[in-house]
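Residue-level listing of the chains:
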Amino acid sequence: MSAEAPVVHLVDDDPSVLRALRRLLAAAGHASETYRSAEEFLARPLPEAPGCVVVDLGLPGADGLELQDRLAGRGTAPPVIFLTGRGDLATGVRAMKGGAVDFLTKPVEPGALIGAIAVALARDADARRSRDAEADVARRLALLTPREREVLDLVVEGRLNKQIAAELGIAEKTIKVHRARVMRKLDARGLAELVRLMMGAG
Amino acid sequence: MVSGRRLDSPAPRPGPGRRPRGIAPTRRRLLLGLGGLAAVAAAVSVAAPRARASGAPSRRFLLIYSAHSTLAANMEASRGVAAVLDRGLGADYEIYAEYRDDQRFPGAGADGAFAGELARKYRGERFDAVLAFGAWALRYAAGNRDTIGPATPVVFGGVGPEDLAALDPPPGIHGVAAEYSVPGTLALARALQPGADRVVVLSGSGEFDRSWEGRARASLAGVTDIPVTYVSGLTMEGFAEVAAGLDDRAILIILTIYRDAAGARFTPANAAEIIAARSAAPAYGVYDTYIGRGVVGGEVQRFRDVGAAMAEQALRLVRGEPAPRLAPTPSRPVVDWRALRRFGLAEAALPPGTMLEFYDPPFWDRYRTQVLVAGAIILAQSLTIAGLVLQDRRRRAAERETASHRAELAHMSRVAQLGELSGAMAHELNQPLTAILANAEAGAQLVARGAGESPVDLAEIAEIFADIAEDDRRAAEMIVALRQLMAKGETEFEPLELNTVVADTLRLSRSELLVREVAVETMLARGELPVRANRIQLRQVLLNLMLNAADAMADLPAPRRVITIATRARADGWRELSVRDRGPGLAAEVAADPFRPFATTKTHGLGLGLSICQTIAEAHGGTLRFEDPGAGGGTGGGARAVLALPAP
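These protein sequence lines are chains A and B, in that order.
UniProt numbering puts the first residue of the first sequence at 1, with every later residue one more than the last.
UniProt numbering puts the first residue of the second sequence at 1, with every later residue one more than the last.
Don't read these hints as lab results, they were simulated from the structure.
Just to be clear, a hint being listed does not mean it is correct.
[Stated by the list, open to error] Taking CB as the label site, the calculated pair distances span: (1) B:P557 <-> A:R44: 11 to 21 Å; (2) A:T145 <-> B:R449: 50 to 60 Å; (3) A:P15 <-> B:G573: 40 to 50 Å; (4) A:G61 <-> B:P557: 18 to 28 Å; (5) B:A459 <-> A:P45: 30 to 40 Å; (6) A:R44 <-> B:A503: 41 to 51 Å; (7) B:D504 <-> A:P45: 47 to 57 Å; (8) A:G29 <-> B:A459: 14 to 24 Å; (9) A:P15 <-> B:R568: 27 to 37 Å; (10) B:A459 <-> A:P15: 16 to 26 Å.
[Stated by the list, open to error] If you want a taste of the chain B side facing chain A, the calculated C-beta under 8 Å gives, among others: (11) Q431; (12) A435; (13) L437; (14) A438; (15) L446; (16) I464; (17) D467.
Even glycine gets a Cβ: it sits at the ideal position worked out from N, Cα and C.
Whole structure, please, built from the sequences with the hints as guidance.
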């Protein structure tokens, strides 16, 4: 988990709404950035810090759904919470299918918004954690020699040392050595953890 | 029946229900001396001209009356004749009438003179039928058939049974029987006096009187269940005393008294009058002539009915239809309304078909026709007046309706527009509401936290309150706009000064403009610009235009955000108010119709605001247009909204 404090990105064309929401989040202990349009938000590189986006659905220019789409296209998108003046079901469904954390109707209950932001930040943290874990596994796998990688793949497939030895045409004793090295390099304590790591690395 | 007294003298009593009275027989056996003139004369005068139009009338009737022409009975009979002939022949007949007046001029000499006169007068004339009224007339017609034409049918009426028996009319002479019904009179009495316990029948000492008593005894035998007492052989005073000694449970029937026990002579009607006046019991009679002289009524023959029956006979004969030698004359119950009242007898108890005589009707009944005519005239006048008033009202109402329709239409279109805009409206309201709620929550948390360790940031709190107030104002403005949009009916217009409205609106929007970091410069016309407008709506328009201008410049650096508000009087007298921004100018698609709802590059607010503005401008008889002072859409030359209002 990153040490950086999460940031809530507020996108709304109404400055007074932005000001008020920013204040509300500050009171709840959240740092926030405000943007007057989707374009303004998208113009910047994706924030490094963890966080989420609270966007008004009916923005001038690119609207909230478009922002969501474009973020998704960039890969590691922060979770999105929608605010709308007109809560219509079709838009809500589309937003939720696009991975939105929540779809809140203005005037939004502060508690509901804070709650949704908490969920969004947790989801972001989760995503970041799993991204970090994947990166760690990949980094460690890179330490393996080709032979060690071969052994690992077969171990994960569930083969016994004897079978691996036969397949690779090397001594079972040598397999055991490779296997111990893999375990050490991947920091895995047993077969089960090894399998889990490998499945996460997909 | 009558002796020694001529009955031509008694004129019928004046009264609304006048009816014929008084027969004028000079001889005792002469029952009815009929003769009538007036109605016949009228019939002739009416019938003749009508008939002449198509040549000579096809039917001619000679009416010969025994009595004189002004005798009411004759007149009644004549009416009966005329009524039937009118009905049967239309106008196509002629009546000739002759009156012997045998009571006032009796004697063979007068008979001969009259006969000679008729012969001379009608020599060569042909009649289709001769109607003989009374015994003398019958005797004449029967004895002078050669004169009147041997084949000419003769119909007589008003001849009593005794005269008839004496005359024994030869074949070819037809007539109407004079019949008198004692049982019918009793039935009428019983109907009127259902509680009667006895019947007293009076008759005089004369020969004819006694014959009447005999007929009554014969016809009443076994007819009634209450005892019948026949009183006769008394003097008039005696009869009167008997009548006075009765009570109202008795039925008194007066037959005829030509002569009393003392030998005094009376006419039956006179005798009946004397007795009825003294009688304590309701008195009834058998002659039409009694009615109106104090008796309650009786089943009698009407002279008019006799005339009608004679005419019916004559018509049958003229047409060659079979006719009885002696046709019955219908008798009917006739009642004197005054006597009915005197004895408190119920009108409702009268048998159907009863004739009510001497009816003294209430005002309404008596003057019904006059009242109806007068009422109709007044009604017609009133209707005319009402019609005119109504017409005027309708015209005014139509005018009002047209105006109201116009307002309604405006309202409808506004409501329709509103439906379209309600989503945007909700969003407009939700923006400030969202901000208010968030601000309030933030403020509450700041204060709550401040109660703990660190001191409350009062500057922050003040800012929050200011923002809340501002957002609240925005929301209120939207509601005002909403209400105005939905407001039905006339808008209140008042004389306003345009520059003052600008100043007022600027004061109201100062904080908003400050927040938006927008500067306002004004180029107001010198002097006053009076307009006739709704103050709130005019402010609404200006505010919307200013906010729109500020929005258009939101992306500019603060120093370049300038709104220019100008007012001027045009050469044509119209007043112009313009709001210009320094923004990018109208995008091309918006310039085409900036007022179309949602015709905006922004999602919120703008489109709605301008729609309202345009509606308001039109309601004021003015216009709102957008100009691109730059070379074209989106060139950065800014946009200008121009509100033009007519001079007041």
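Task: Hinted contact L446 (chain B) with chain A - closest CB pair below 8 Å - done: For L446 (chain B), the interface hint holds, since the closest Cβ of chain A sits about 6 Å away, which is under 8 Å.
Open item on the list: Given the hint of 14 to 24 Å, is the C-beta distance from G29 (chain A) to A459 (chain B) inside that range or not?
Closed with: 20 Å, holds
Open item on the list: Verify the CB-CB distance for A459 (chain B) and P45 (chain A) against the hinted window 30 to 40 Å.
Closed with: At roughly 34 Å between Cβ atoms, P45 (chain A) and A459 (chain B) fall inside 30 to 40 Å, so the hint holds.
Task: Restraint outcome when A435 (chain B) is required to lie within 8 Å of chain A by C-beta distance - done: Result: holds, 4 Å to nearest chain A Cβ.
- [ ] For the range 11 to 21 Å, tell me whether the beta carbons of P557 (chain B) and R44 (chain A) fit it or not.
- [x] 20 Å, holds
TODO: Starting from the range 18 to 28 Å, see whether the pair G61 (chain A) and P557 (chain B) falls in it by beta-carbon distance.
DONE: 20 Å, holds
Task: When the least beta-carbon distance from I464 (chain B) to chain A is tested against 8 Å, hint result - done: 6 Å, holds
Task: Status of the given 41 to 51 Å range, CB of A503 (chain B) versus CB of R44 (chain A) - done: At roughly 43 Å between Cβ atoms, A503 (chain B) and R44 (chain A) fall inside 41 to 51 Å, so the hint holds.
Open item on the list: For the hint 16 to 26 Å, verify it against the beta carbon of A459 (chain B) and that of P15 (chain A).
Closed with: 19 Å, holds
Task: Evaluation of the interface hint that places Q431 (chain B) against chain A, nearest CB under 8 Å - done: 5 Å, holds
Task: Consistency of beta-carbon spacing, R568 (chain B) to P15 (chain A), with hint 27 to 37 Å - done: Since P15 (chain A) and R568 (chain B) have Cβ atoms about 33 Å apart, the given range 27 to 37 Å holds.
Task: Hinted contact A438 (chain B) with chain A - closest CB pair below 8 Å - done: 4 Å, holds
Violated hints: none; the structure is consistent with every hint.
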